[in-house]
Amino acid sequence: MIDKSIFEHLQTKIDEEGAVRDELHEIVQTLARKGRATQATLSRAHSTPSDQLKPVLDEATKEILGQKEEVLRLKAVADKHPFYKYNGLWTRELQNLVFSIELCAWLGGLEDHKSGTAQFMTIEEVGKFLEIPVNLKEQDAFHLTIEEYLLALISMVEELARLAVNSVTLGDYARPLQIGNFIKDLFAGFQLLNLKNDILRKRSDSIKYSVKKVEDVVYDLSLRNLVPKNA
Amino acid sequence: MVTSIFGTFRDELDRHHDRRERIIKTSRDITALSKKIIFSLQRVRSLNCPLPPAIAKDTSARLAQIVELFRSVVPDVTGINSWRYQRQLSGGIQEFIEALSFNHYVQFQTLITLEEIRRQLPAEILVTEEDYIMGLFDLTGEMMRFAVTSLSAGMAGIVVDLRGMRSSFESLSVPHRYGMLRDLSKKLDIMQGSVEKVERAAYGILVRGSERPSGWVPDLSGPAEVESF
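Chains A and B, in that order, give the protein sequences. Using this note's numbering, the letters of the first sequence correspond one by one to residues 1 to 231. Using this note's numbering, the letters of the second sequence correspond one by one to residues 1 to 229.
These are calculated hints, taken from the structure and not from any lab test. Since the model is a prediction, treat every value here as computed from it, not as a measurement. For glycine and all other residues, C-beta sits at the position ideal for the given N, C-alpha and C. Be aware that one or more of the hints could be misleading.
Here are the simulated DSSO-like cross-link-like pairs (lysine-lysine), alpha carbons at most 30 Å apart as the crow flies [to be verified]:
(1) A/Lys-13 x B/Lys-186
(2) A/Lys-85 x B/Lys-187
(3) A/Lys-85 x B/Lys-25
(4) A/Lys-202 x A/Lys-212
(5) A/Lys-137 x B/Lys-187
(6) A/Lys-80 x B/Lys-197
(7) A/Lys-196 x B/Lys-25
(8) B/Lys-187 x A/Lys-4
(9) B/Lys-36 x B/Lys-25
(10) B/Lys-187 x A/Lys-13
(11) A/Lys-4 x B/Lys-25
(12) A/Lys-4 x B/Lys-186
Chain A stretches covered by chain B per the calculated footprint, using a threshold of three residues with CB under 8 Å from any CB of chain B [to be verified]:
(13) 10-17
(14) 189-198
Let the hints inform the model, and build the full structure from the sequences given.
Here it is in structure tokens:
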């Protein structure tokens, strides 16, 4: 005899979980839409000389703060549920946001949120800026994970490699060197990790190509004596 | 600065990968033991009565081993980590549910409930509704094999139960954003096939059953060739 009530109970559970997913999905959609606007603004850095970047960065900061509101809204809902149960729903958009934050900071924005002369924000600084915990190991609550942070850094490296090429087009011969030094530092950092066959491994493979791309630009510049003496 | 930051990340990621690998290995071991339980239960020839002593002993020994395996993995799946590694452990859990529900069905001809399954395991082990549904899907396959190899023993009852399960599964409505149940339609197809096989077998017995010598049972020296039906 098959007890039908077993299945009725399952349906109730499925419906409850569907409602949670819908609620989270709606917030993530908004976060994604705002994120696309932020990235469109930041991509203007490729065609804006660095001494005129200020307005671009100000606008990007405003948009990033708008996204932060969505993250806090997301946190409020997500905190009611086990973190890893639904993490997959927003992880991509949170990575994109952290990427925007890091890029904006590298370009000279968000000065108040990074320490001293550092060119990027640590995971703790990003967490503090977004007002969310990071790398929680015991407490089951919304946070930014190490993996998400590292994947965002990889996106930044790729974007900076592109910026190195475009800086030259804009007549800025100093920036490719800066970029080169910075991403070589990060590359060395990623080489410390023992990566297994996962998304982090796949994505971090791209760093060495980014490094090579920038090295080629620097080589071309130095061959032609175009590297500024004080850089 | 970069070096020290990444040094910390490395340690954490190493711990994560170690946990993950331990869980995957345990999950595989649980799967293998569950399959052995299912194989020996398929040798039972009667439905809705206690298991033959030899098989009962075999089954309970293996179940105890499985529970021990689950217990060994508890430190890796407590707190925030229970959902983190849910997917890695889920394969073993589903196979375990298949074994446990089949064991239950053969003895009592009813479905074991999710609560009863959870009670067999340490509280830290996450048994989701999805695992339960997937396990029950696989149970229909075992019921089919059981029905067609045991022929008349309880065949009519199994047909009724399979139809009941089929219609219950078909009436579940799952939103497509649902994480774990993405391969639901594939499972539904397989289950519909199982139900039909048993229906045809029942038909065969009714039509040709009188031609079968009384007391005849299928040759079980080889693996059950259910496809040939």
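Fill in: Which numbered hints fail
5, 6 and 11
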